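J.: Sequence:
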Amino acid sequence: MDSGNRPVVLIRGAGEQASGVGWALAKAGFRVVMTEVAKPLMVRWPVCFGTAVEEGRWEVEGITACRIDSLASDCEAAWEAGEIPILVDPDLKTLPMLKPLILVDAIMAKKNLGTKRRMAPMTIGLGPGFTAGEDVDIVIETNRGHNLGRIIYSGPAQPNTGIPGEIKGISRDRVVYSAQAGVFIAKRAIGEQVLAGECLGEISDGTQTEKVSTLIDGVLRGLLRTNTQITANVKVGDVDPRGQEEYCWTISEKARTIGAAVLLSIMESSLVKLQLIES
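Residue numbers for the sequence shown, in my numbering: 14 to 292.
These aren't lab readings, by the way, just hints derived from the structure by calculation. Hints should not be assumed to be uniformly reliable.
[As the list claims (entries may be wrong)] With a Cα cut of at most 27 Å, we get these calculated DSSO-like pairs of lysine-lysine: (1) K129 <-> K224; (2) K52 <-> K200; (3) K124 <-> K106; (4) K123 <-> K112; (5) K123 <-> K106; (6) K267 <-> K40; (7) K112 <-> K40.
What you are looking at is a predicted structure, and each value in this text was computed from that prediction instead of being measured.
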């Protein structure tokens with residue numbers, strides 16, 4: 014397949030689940046470009062291509078993302094190098110120039126933040142907030158359980174439960190949230206083993222400081238980076254009760270399943286099949 018004719022896939026968001034999608038599509042040979050906000054909140058940032066927004070470049074399991082500023086020349090250079098270009102463009106101002114064949118909304122905001130079917134010949138939405146056949150062509154189920162990764166051609170994804178999926182029988186207690194707004198300062202590092210009650214970090218609003226602690230034993234699989242500005246009730250940490258450090262540095266089973274489902278839904282499309290044959 015001629016690299017210059019490979020289909021362009023625009024992915025909105027470059028967080029954990031979006032990165033699983035971007036990784037799968039890049040491995041399959043698509044020209045992937047991802048967009049993010051200027052200061053993304055990513056708890057599992059070691060496995061997020063969005064980390065390139067701050068770092069300039071970031072690698073996840075053998076695929077590198079690079080932040081770009083000049084759309085046309087930099088995108089082509091990144092694709093030629095086998096990399097994923099990352100743009101700070103949450104409002105998709107570059108959409109008319111990119112002209113993607115496929116647009117994937119992987120923001121995981123639990124609601125649609127503006128994606129419409131007319132934005133690309135094929136549109137895909139991840140999880141709650143999207144209805145296949147209305148605001149997007151296809152919806153991918155993101156709720157853990159039997160239907161995770163199901164391709165939905167008509168109707169919505171399951172509604173947001175507000176409850177984290179279970180890992181080793183533990184759900185809500187494995188995720189750590191902020192109780193106040195302020196600046197987060199990490200006191201532990203991803204990959205460390207932690208015990209219930211131990212402090213993971215602090216949040217300071219300039220007048221008071223709140224400690225953030227884990228409720229369970231396990232490996233610290235995710236933690237916001239130091240000096241991150243946050244609001245109250247946002248996810249700041251993720252403790253994995255399985256205790257396997259290697260899980261901290263690799264794409265999760267959920268993100269892999271979602272990425273595979275997106276890839277399958279794209280490869281099933283007659284629109285994509287036609288372009289692949291022509292290239």
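J.: For every hint, state whether the structure bears it out.
T.: How the hints compare with the structure:
1. Of the pairs offered as hints, the one joining K129 and K224 is violated, with about 41 Å between alpha carbons and a cut-off of 27 Å exceeded.
2. Restraint check: the Cα-Cα separation between K52 and K200 comes to about 21 Å, which is no more than 27 Å; the hinted pair holds.
3. For the suggested pair K124 and K106, the alpha carbons sit about 20 Å apart, so the restraint of at most 27 Å is met.
4. Distance hint between K123 and K112 is fulfilled; the C-alpha atoms sit about 26 Å from each other, no more than 27 Å.
5. The suggested pairing of K123 with K106 holds, with an alpha-carbon distance near 22 Å, which does not exceed 27 Å.
6. Restraint check for K267 and K40: the C-alpha separation of about 17 Å stays at or below 27 Å, so the hint holds.
7. Using a Cα cut-off of 27 Å, the hinted pair K112 and K40 holds, with the two alpha carbons roughly 21 Å apart.
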